[in-house]
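**Q** All chains, please: the whole structure from these sequences, using the hints.
1 is the number of the first residue of the sequence shown in the numbering used here; add one for each residue after it.
These are calculated hints, taken from the structure and not from any lab test. The beta-carbon is built from N, C-alpha and C at its ideal position, and this holds for glycine as well. Hints should not be assumed to be uniformly reliable.
[To be verified] Here are the simulated distance ranges between beta carbons: (1) Asp99 x Asp181: 15 to 21 Å; (2) Ser133 x Glu225: 24 to 30 Å; (3) Gln98 x Asp59: 26 to 32 Å; (4) Ser226 x Ile169: 38 to 44 Å; (5) Asp99 x Met19: 24 to 30 Å; (6) Asp23 x Asp59: 16 to 22 Å; (7) Ser226 x Ser38: 37 to 43 Å; (8) Arg31 x Phe185: 31 to 37 Å; (9) Lys228 x Leu11: 30 to 36 Å.
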Amino acid sequence: MTLDNYFRDYLHRTDDKVMTKMDHYLDVYHRLLAPWRSQDISFLEIGIWKGGSIKMWQDYFGAESRLTFLDIDPDCKAFEVPGLTVEIGDQSDGIFLQDVATKHGPFDIIIDDGGHKMHQQIASFNALWPQLSDGGLYVVEDTHTSYWPGFGGGFRAQKSFVEFSKDLIDRMHSWYTDQDDIFPFHPIAKALSSVQFYDSMVVFEKKLKLEPPKTIVSENGLVTESRKILEVRGRKSIF
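**A** And the structure:
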């Protein structure tokens with residue numbers, strides 16, 4: 001933790017709108033979102049609850065940011081004020097999410113702090129990942145629910161969001177497959193650049209890469225690019 005952590009400082013400036021976050025999230029966000037501090041961005045958060053995080057995000061990002069908040073509870077519409085939009089609907093409804101994205105997207109940062117059930121997290125990701133900007137971040141909070149049967153999860157449960165995220169790690173690496181029959185190339189490899197696991201949080205970074213990854217070769221000050229790394233497929237050594 002550093003002394004200039006905006007998110008920890010904000011805890012002492014809250015009003016009567018309750019906000020809850022796991023303690024270590026504040027340090028993760030401090031590191032993760034630093035490049036967007038005071039920048040004008042397009043932002044979507046799923047899950048409003050009592051509205052406590054709205055002002056936190058308003059103050060963190062630039063004054064001209066487009067901030068969108070989504071919740072299934074119609075009463076949350078009362079949190080809408082000039083400078084931000086509140087949309088009411090089901091985060092597992094792909095048609096609704098597409099409508100939100102059409103009106104307010106694409107988004108630079110998406111945070112899912114919604115219902116935390118497996119079908120909700122997966123449906124939201126599938127619908128909104130295409131609406132994330134190049135270079136953007138998709139954050140899913142409270143992924144410990146992946147280990148709770150009551151939320152549709154359970155240890156190594158194939159339908160859990162954690163297992164879904166592990167599958168995305170494989171797909172991110174599908175450029176390199178030499179087992180096309182059981183592990184074919186997946187198009188998401190052209191956009192998914194990292195999957196970061198934290199305690200109870202998964203972060204996906206998007207960076208478009210329309211061609212296979214390349215290797216930088218430097219010798220005697222001469223720098224060249226190569227994609228020969230892919231020629232190693234099917235061999236038993238990279239040498």
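**Q** Now look at each hint and say whether the structure bears it out.
**A** Against the structure, the hints come out as follows:
no., hint, verdict
1, Asp99 x Asp181: 15 to 21 Å, "violated (39 Å)"
2, Ser133 x Glu225: 24 to 30 Å, "holds (26 Å)"
3, Gln98 x Asp59: 26 to 32 Å, "holds (30 Å)"
4, Ser226 x Ile169: 38 to 44 Å, "violated (25 Å)"
5, Asp99 x Met19: 24 to 30 Å, "holds (27 Å)"
6, Asp23 x Asp59: 16 to 22 Å, "holds (20 Å)"
7, Ser226 x Ser38: 37 to 43 Å, "holds (40 Å)"
8, Arg31 x Phe185: 31 to 37 Å, "holds (32 Å)"
9, Lys228 x Leu11: 30 to 36 Å, "violated (52 Å)"
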